[in-house]
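A.B. asks: One letter stands for each residue in the lines below.
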Amino acid sequence: MLLSIDIGIDPVIFSNWGIEVTWHGLFTALGVIIGVGVATAFARREGYQEDTIYNVALCLVIGGIVGARSLYVIENWGDFKGDLVDVVRVNTGGISIYGALIGGTIGAWLYVIIRKVPNIPRAADIASMGGILGMAVGGSETSSTASTSRATRTCRGALSTRIRAARASSISARTPRRNILRWLTR
Amino acid sequence: MIGDIVIFGILILIYLRVNRAGVTFFAWVFLYGLLRTLVSFLRLDDIVFMGLRTAQLIGIGAMVFGLAGMAYLLRIPPRGTSKRAGRRRIQREQGQPTPEGEPAT
Numbered sequence: 017m018l019l020s021i022d023i024g025i026d027p028v029i030f031s032n033w034g035i036e037v038t039w040h041g042l043f044t045a046l047g048v049i050i051g052v053g054v055a056t057a058f059a060r061r062e063g064y065q066e067d068t069i070y071n072v073a074l075c076l077v078i079g080g081i082v083g084a085r086s087l088y089v090i091e092n093w094g095d096f097k098g099d100l101v102d103v104v105r106v107n108t109g110g111i112s113i114y115g116a117l118i119g120g121t122i123g124a125w126l127y128v129i130i131r132k133v134p135n136i137p138r139a140a141d142i143a144s145m146g147g148i149l150g151m152a153v154g155g156s157e158t159s160s161t162a163s164t165s166r167a168t169r170t171c172r173g174a175l176s177t178r179i180r181a182a183r184a185s186s187i188s189a190r191t192p193r194r195n196i197l198r199w200l201t202r
Numbered sequence: 005m006i007g008d009i010v011i012f013g014i015l016i017l018i019y020l021r022v023n024r025a026g027v028t029f030f031a032w033v034f035l036y037g038l039l040r041t042l043v044s045f046l047r048l049d050d051i052v053f054m055g056l057r058t059a060q061l062i063g064i065g066a067m068v069f070g071l072a073g074m075a076y077l078l079r080i081p082p083r084g085t086s087k088r089a090g091r092r093r094i095q096r097e098q099g100q101p102t103p104e105g106e107p108a109t
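Here the protein sequences come in this chain order: A and B.
Just so you know, the first sequence maps onto residues 17 to 202 in the working numbering.
Just so you know, the second sequence maps onto residues 5 to 109 in the working numbering.
Just so you know, the hints here were simulated from the structure itself, not pulled from any lab data.
Treat the hints with caution; some may be incorrect.
Which residues of chain B face chain A? A partial, calculated answer using Cβ under 8 Å [what the hints assert, rightly or not]:
(1) I9
(2) I11
(3) F12
(4) L15
(5) I16
(6) Y19
(7) T28
(8) F29
(9) W32
(10) Y36
(11) T58
(12) A59
(13) I62
(14) R91
(15) I94
(16) Q95
Predicted, not measured: the structure shown is a model, and the values here were computed from it.
From the three backbone atoms N, C-alpha and C, an ideal C-beta is built for every residue, glycine too.
Between the sequences and the hints, there should be enough to build the whole structure, so can you do that?
C.D. replies: What follows is the structure, encoded as structure tokens:
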């Protein structure tokens with residue numbers, strides 16, 4: 017087939033007690049951690065409290081998982097009509113990146129509205145930057161054709177190391193905003 | 005992945021240069037919609053409507069939504085949304101002390 021790429025890497029890292037740990041799952045988790053980490057760094061500089069940041073992130077992640085599965089189920093309803101229990105079996109695979117974005121946005125939006133978090137547009141700006149970087153690491157291929165791009169993930173360890181190093185460095189809250197780019201890219 | 009990182013770079017530039025809260029978010033909606041619409045031409049998903057795939061239809065909707073949001077935000081006059089004013093407002097509303105030399109307004 018013209019557009020298929022055969023990659024000789026086993027998608028399962030290891031399997032124990034009936035639980036499979038896959039590369040896809042690992043990088044999805046890594047994407048969440050990096051996305052939340054980057055958004056947290058920006059949010060701190062804007063003056064948001066730590067509790068607020070992590071609560072929004074939690075609602076966003078939960079909303080994202082629910083949305084990702086929900087949209088996949090809607091798109092493939094024919095596969096689920098016979099056995100509705102399959103809908104909650106997320107571990108069997110099948111999520112949609114658009115669903116994750118929509119669900120995550122709704123989850124975070126509900127939290128900031130209910131808890132009256134100040135300056136919601138700025139919070140949305142920050143979440144979007146964390147979100148796109150998280151998607152770069154682990155979310156871009158969460159669809160039925162995920163297997164086509166596993167080879168691109170080999171360079172992602174270097175990226176996560178860089179982000180961790182950036183987070184570990186102590187930057188004053190008063191650093192001028194132009195330095196953010198230098199801080200993120202060094 | 006490369007497309008996402010390019011979008012991340014563009015978003016950082018917008019975040020640093022456009023002094024209007026919310027524009028970065030709508031730029032993300034627009035740019036990701038554009039990326040997925042283009043990338044989906046290379047994928048083997050089912051065609052559902054007018055030669056387009058589901059992801060492309062959602063992507064086009066996201067592009068329209070993102071553009072409309074950016075146009076709206078850039079048209080309305082700024083209302084104390086500078087970075088420093090925004091940070092002061094967040095600190096005030098969350099009950100944090102404002103830094104010295106930055107009296108709360």
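A.B. asks: If you take the shortest Cβ to Cβ gap from B:F29 to chain A, is it below 8 Å?
C.D. replies: This interface hint holds because 4 Å falls under the 8 Å limit.
A.B. asks: Quick check on the hint: B:W32 CB to chain A CB, less than 8 Å?
C.D. replies: Given a least distance of 4 Å, the restraint on B:W32 holds.
A.B. asks: Restraint: B:I9 near chain A, CB-CB cut 8 Å. Satisfied or not?
C.D. replies: Since chain A brings a Cβ to about 5 Å from B:I9, closer than 8 Å, the hint holds.
A.B. asks: Hint check: is the beta carbon of B:T28 less than 8 Å from a beta carbon of chain A?
C.D. replies: This hint holds: B:T28 lies near chain A, its Cβ roughly 4 Å from the closest one there, short of 8 Å.
A.B. asks: Is the shortest C-beta separation between B:R91 and chain A less than 8 Å?
C.D. replies: holds, 4 Å
A.B. asks: Restraint: B:Y19 near chain A, CB-CB cut 8 Å. Satisfied or not?
C.D. replies: holds, 6 Å
A.B. asks: Should the hint that B:I11 touches chain A count as held when the rule is a Cβ pair under 8 Å?
C.D. replies: Given a least distance of 5 Å, the restraint on B:I11 holds.
A.B. asks: Any CB of chain A closer than 8 Å to the CB of B:I16?
C.D. replies: OK, holds: B:I16 within 8 Å of chain A, min 6 Å.
A.B. asks: Against chain A, run the beta carbon of B:T58 and see if the smallest gap drops under 8 Å.
C.D. replies: Hint holds; B:T58 Cβ to chain A Cβ min 6 Å, cut 8 Å.
A.B. asks: Return the status of the interface hint for B:Y36: holds when the least beta-carbon distance to chain A is below 8 Å, violated otherwise.
C.D. replies: At about 7 Å, which falls below the 8 Å cut-off, the nearest Cβ of chain A leaves the hint on B:Y36 intact, so it holds.
A.B. asks: The hint names B:I62 as touching chain A; please verify it with the least Cβ-Cβ distance against 8 Å.
C.D. replies: Hint holds; B:I62 Cβ to chain A Cβ min 5 Å, cut 8 Å.
A.B. asks: Would you settle whether the hint for B:I94 is holds or violated, based on the nearest Cβ-Cβ distance to chain A being less than 8 Å?
C.D. replies: Because about 4 Å separates B:I94 from the closest Cβ in chain A, which is inside the 8 Å limit, the hint holds.
Figure legend: structure checked against the earlier numbered hints; every hint is met.
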